[in-house]
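Novice: With chain A's structure known, arrange chain B on it following the hints.
If you read the protein sequences in the order shown, they are chains A and B. Here this note's numbering is used: the first residue of the first sequence is 318, the next is one more, and so on. Here this note's numbering is used: the first residue of the second sequence is 29, the next is one more, and so on.
Be a bit skeptical, because a hint or two may be false.
[As the list claims (entries may be wrong)] No farther apart than 25 Å at their CA atoms in a straight line, the calculated lysine-lysine pairs in the DSS-like style are these:
(1) K683(A) x K398(B)
(2) K683(A) x K344(A)
(3) K494(A) x K554(A)
(4) K366(A) x K422(B)
(5) K422(B) x K398(B)
(6) K135(B) x K683(A)
(7) K394(A) x K40(B)
(8) K708(A) x K690(A)
(9) K214(B) x K94(B)
(10) K397(B) x K344(A)
(11) K480(B) x K197(B)
(12) K398(B) x K265(B)
(13) K554(A) x K600(A)
(14) K344(A) x K53(B)
(15) K265(B) x K333(B)
(16) K492(A) x K614(A)
(17) K135(B) x K690(A)
(18) K494(A) x K610(A)
(19) K480(B) x K94(B)
(20) K600(A) x K494(A)
(21) K265(B) x K391(B)
Calculated from the structure, these hints are not laboratory results. Just so we're clear, the structure is a prediction, and the values are computed from it rather than from any experiment.
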Amino acid sequence: MSHNPTVDDANQCMKCGFCMYNCPIYKVDHIESHVARGRNMLIRQASDKNLPADSDYAERLSYCLLCGRCAAICPAKVPSPDINVAARTNLVTQKGLSLPKKSIYRGILQNRNLMAQLLGVAAWVPGISVKDGKPLRHMADFTSVFTKGLALPRLSRPFLSTRLPLRTLPPEGVKTKGRVAFFPGCAFEFFFADIGAGIAQVLAKAGYVVIYPKDLTCCGLAVRSAGDLHTAQLMAKHNIEKLASFDRIITGCATCGSALKDYGNWFSADDPWQSRAQSLSAKVYDFSEFLAKEGFKSQVDEPLTVTYHDPCHLKWHQGVSNQPRELLRSIEGVHFVEMEGADDCCGLGGAFSIAHRDISLAIQNKKMQSIIKTGAQVVVTSCPGCLIQLKDGVRRNKLPVEVMHISQLMRGKQ
Amino acid sequence: MDLGRCNIALSKSILEKLREITGEKGLLTSPVDLASYSFDGTTSWQSLPEAVVFPTTTEQVSQILKLATEQRIPVTPRGAGSNLSGGSVPVSGGIVLCTTRMNMIIKIDTDNFTVTTEVGVVLNDLNQELARNNLFFPPDPQSSLAATIGGCVSENAGGPYAVKYGVFKNYLLGLTAVLPSGIILKLGGSTVKNVTGYDLPQIICGSEGTLAVITQVTLRILTLPPAHKTVIAVFDKVVTSGQAVHRVLTEGILPAKIEMMDNWVIRRIEETTPLGLPLEAGSLLLFELDGNPAAVEKEAEGVIKSCQQAGAIEVRSARDNEEAVNFWTARRAGFSAVYGASPTVFAEDVTVPFNRISDLIAKVEEIAKKYNLTIIIIGHAGDGNLHPSVLTDKSNAEHYHRAEQAVNEIFMTALEYGGAISGEHGIGLEKKRFMKQAMQPEAIDILRGIKKVFDPAGILNPGKIWEEK
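Bound conformation, chain B alone:
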């Protein structure tokens, strides 16, 4: 069934039932409120819901979904709506189910290194709480000040730490999820090893809210590394820095983060928070090494040596913690500047195998020239995940068209190099037109089949990930 084009008008009695489930304060229906739930972190998608509900318990989520299935009302789950895929935009109207009020950390198990939490907890709040116990949860999407745990699990989010520590799925041990029928499932458990049948938590993880609404998760956590060190390396060309990343990794060094910024970003950094970076430099790499102090020192030396061998203009360790913090703050500000650099930004999210990073960069530079566009190259170079960001303006049709063509070519290049069209943002609406190139038709059919098993009525986040046949 395709609810993607349905035009549902929620009747008074349905709104009344929703109000009974969540209480007066848990339901929004006024046009201004609905307008504020019509978008996410992307620049190009917008669609109005007809109601926004704020359940506070798993039981309420169950009642809402049961009602929605009975009445065939689309439900779009939403955390903070900071995702970059259009995933939480209610393209089919209906209900937005917002989990932000389910925000209790249930248990930090310091003996077994797990945390069990409701899904509305903001990632940074979780890490603040863990830090009090000398613990941390590594996956670090850069939206951590806004993003909820539920959204992160649903998008299988990751960030700079992915080089060494992996992404959300690597930490997901168990979860409570509600099926569209209203059935409450407890899946997985709290152990690192668990091969009981198909790995259902992993199927729900990264499913972009299309299979079930997650209400609680149990995650693996680690102790905070005792030592950190930051190394900064400057290169004349982006391509050279790509080669340096590969060299460092083949030396057997595993930095916690390797972040890449091109000349555009370096200039923005120098404008806002001058760090004395050479303005003509083509690329900057920031490495973070963490672990026990002796190993960190040795690895830092290794990184410096590898960068020198790769042809760095300048490479050194941060003098002290303060300078390291400045570098990482500047990196964050620099990345942010990209997203505000033009009215529309295609902040792409392609991933390639390690040995193709510099090839991808060279190709993106070529594409920028070909279409006469500014394409900023930033990314988590250490895991092959780059965010080539195409600056454009949706209101300028000709320019926008060129930008779209450039994006298409970037995707095709990533696929040709054996990579993926999305490393960490997800498909949502933004990339679904590329699914056919990224996945065999039979494989997409399996996705559809799985969806059907979980959500036979097709009410949950309809219109996402793949195009209708």
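Bound conformation, chain A alone:
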């Protein structure tokens, strides 16, 4: 497998329209240029120079969560999300990036130390950060001015890299089975550091020495999705080198996992980095994918009714959906209930949620209704992106539901 999808793959689309049935955006606004079939058609026309690749065109490309549901249902197996990324990449190649995007992608995201420094300063600003689990109030409302109302999580103090030792050892009495590397990703490093630390602890309880390689960088997915392939490749190369010596790499972030497993497609077949990327990808596991094989037993303090939201990057991009459910069902004290449309997107899609706030909220609302119908006390998911969106929805709708990463229910009795 060496064929990287290009805009030419849009020609495979036979226009049956099955993608409409699954597309979270089309289901809200029913606009053809916002669904894979219509977008593929636009990409074909732009590629044939029958349509100008102008700002309107670029905007239509942005109406996509890259959730992957269209590709999953497509009878012709058209890789529509990849085609969209390829089209965005062409745009960036032709027109370059806007200055703010350039400084974020090439300056900050690529440079983890700089990111830590900047965010580290920000973390001292009262209200932006959360310390000892007690956030200062109102900051979410303040930042939400810039995010059109989306409540961003507060910065963690301290960040994960200063909380977690280089190696977390299995507790006494637990037989050591082996060694794994933990890839936390930006979200667990900077925003959900307590959850990140918990992931490492659960893996240790399962019998693994958990190594936290200190100088990893961002997985690069956001940068690649925006079309800045060159920067994304630099980030991938950095991570590939840092992780090459490990046999198993575990991530608790569905988005990072999907990127790490897809690194091979970020390089062309004639690039020697492709095979290096592919051998790395083969060693990457999502947290639940890894633990489901381990027969790890856990329990919660009080009986809990729990439902699960499938992150798109886990189910549609990695094919992992049974494992988290198996894990949840195996937790003593957890009563698992399935929600309607559990694998429907939460509507975040990174920058999409801010650029297209109304659609993102409409998708979020459907998810909230599904959650409420289950009567669950806790909604669990496996991606910090979904955590942000679900927490925002719960807060917005004042729902009596707690949003948790799957690892939080597996820490055992506290």
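Specialist: Frame of chain A, contents of chain B only:
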């Protein structure tokens, strides 16, 4: 009047009026958006509209049509645009009237076995909702994941279930439609029997959006059959399988579906979802039997016996539900593979009487040889509706020309055998050049006359079904 060649440029004031009717979010005019409404499910037709409107009520549809008639603006109604006839391609420019936001199921009447729904509801969504009440709506065009009810009624769509359950027109009891003048009509009712004057709902059904814009329909629904069984039969030749279909039907067995796939499709299935089918087999028949459990068992035995008598290499029932589901999934994937098999595919839609199925197959094979083309034979063999699919490439003029000639011969064969040039896709643009062979000139004149009564200004989906004189 022929609006088919008009070049209308919508003025700012007209766009403003449309915006007033549907609201800011109900009107699209940017070139990228227009480009995405320039096509449907066919491979050969494309034409740009000048505006796309999304009405949400019958009243809005009425206002849009009234304005369009006053200003002589062509209006092309569109559901999901998944049709295979060019029917929703706006060949005259003007307005695309998209019904996808009229998507409420209004009432499921479990006492009277009817459902009343807005036309933008997706067929599969309707069936999901009906299934919660142990009900179903049988006609099953294979575009059901995309197709809207309005589009299906307008095209009089059907699918594999047609053998036993018929097509859309057999379930249409009543509808609300808007005439181009803006007048809102409520036609038909909610009873199975109704002979009040000319059957106007049936005239609108299958009219491909040329007479009126349907906004609501009342459909007959059935209870879900309690038992299902799938039988698979393998044949050395496509012709033999055609004979087997006829034999099964003459035995008095009425399967819910009889689907046929040729060797090309069998190979694709084995590549993607291996089911252990013999790769050299010429043809595969899939039967679904449904009804009460005892009858289903007996019918399955009958099908197996008939296929054996017709010379099947192998025939058996699906072991369990899982295997049955696998067969039908593979069938769907196999059919889909056809449509993606070459840059241009003529997925034809001819229908012949039951006793001519194997004759038609033999002739199609002959035509493929004559023009040196790949013609895949798939279809709903149980109702005589085959989709001989000619693989070609529009950018290769010589090849494309041969493909067109082959298609012409297939149509002529179907007509010669007493069949029709379209079983379920409609005429639209794709087949209008064959109308003269398929219908007497006087009959086409009646079509024109009916059109004139409904749409005197000729604004509704102009340029479709028949050629201008």
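Novice: All the hints need checking, so say for each whether the structure fits it.
Specialist: Consistency of the hints with the structure:
1. K683(A) x K398(B): With Cα atoms ~56 Å apart, K683(A) and K398(B) exceed 25 Å; violated.
2. K683(A) x K344(A): Distance of about 11 Å is within 25 Å: holds.
3. K494(A) x K554(A): violated, 29 Å
4. K366(A) x K422(B): holds, 18 Å
5. K422(B) x K398(B): holds, 20 Å
6. K135(B) x K683(A): holds, 22 Å
7. K394(A) x K40(B): violated, 42 Å
8. K708(A) x K690(A): holds, 17 Å
9. K214(B) x K94(B): holds, 17 Å
10. K397(B) x K344(A): violated, 45 Å
11. K480(B) x K197(B): holds, 23 Å
12. K398(B) x K265(B): holds, 19 Å
13. K554(A) x K600(A): Distance ~16 Å between K554(A) and K600(A) Cα, so the pair holds.
14. K344(A) x K53(B): Cα-Cα ~15 Å, so holds.
15. K265(B) x K333(B): Holds: K265(B) and K333(B) sit about 18 Å apart, inside 25 Å.
16. K492(A) x K614(A): holds, 14 Å
17. K135(B) x K690(A): holds, 22 Å
18. K494(A) x K610(A): OK: K494(A) and K610(A) at ~13 Å, within 25 Å.
19. K480(B) x K94(B): With a Cα-Cα distance of about 16 Å, the restraint between K480(B) and K94(B) holds, given a limit of 25 Å.
20. K600(A) x K494(A): OK: K600(A) and K494(A) at ~17 Å, within 25 Å.
21. K265(B) x K391(B): It holds: about 13 Å lies between the C-alpha atoms, which stays within 25 Å.
Hint violations for this structure: numbers 1, 3, 7 and 10, all remaining hints satisfied.
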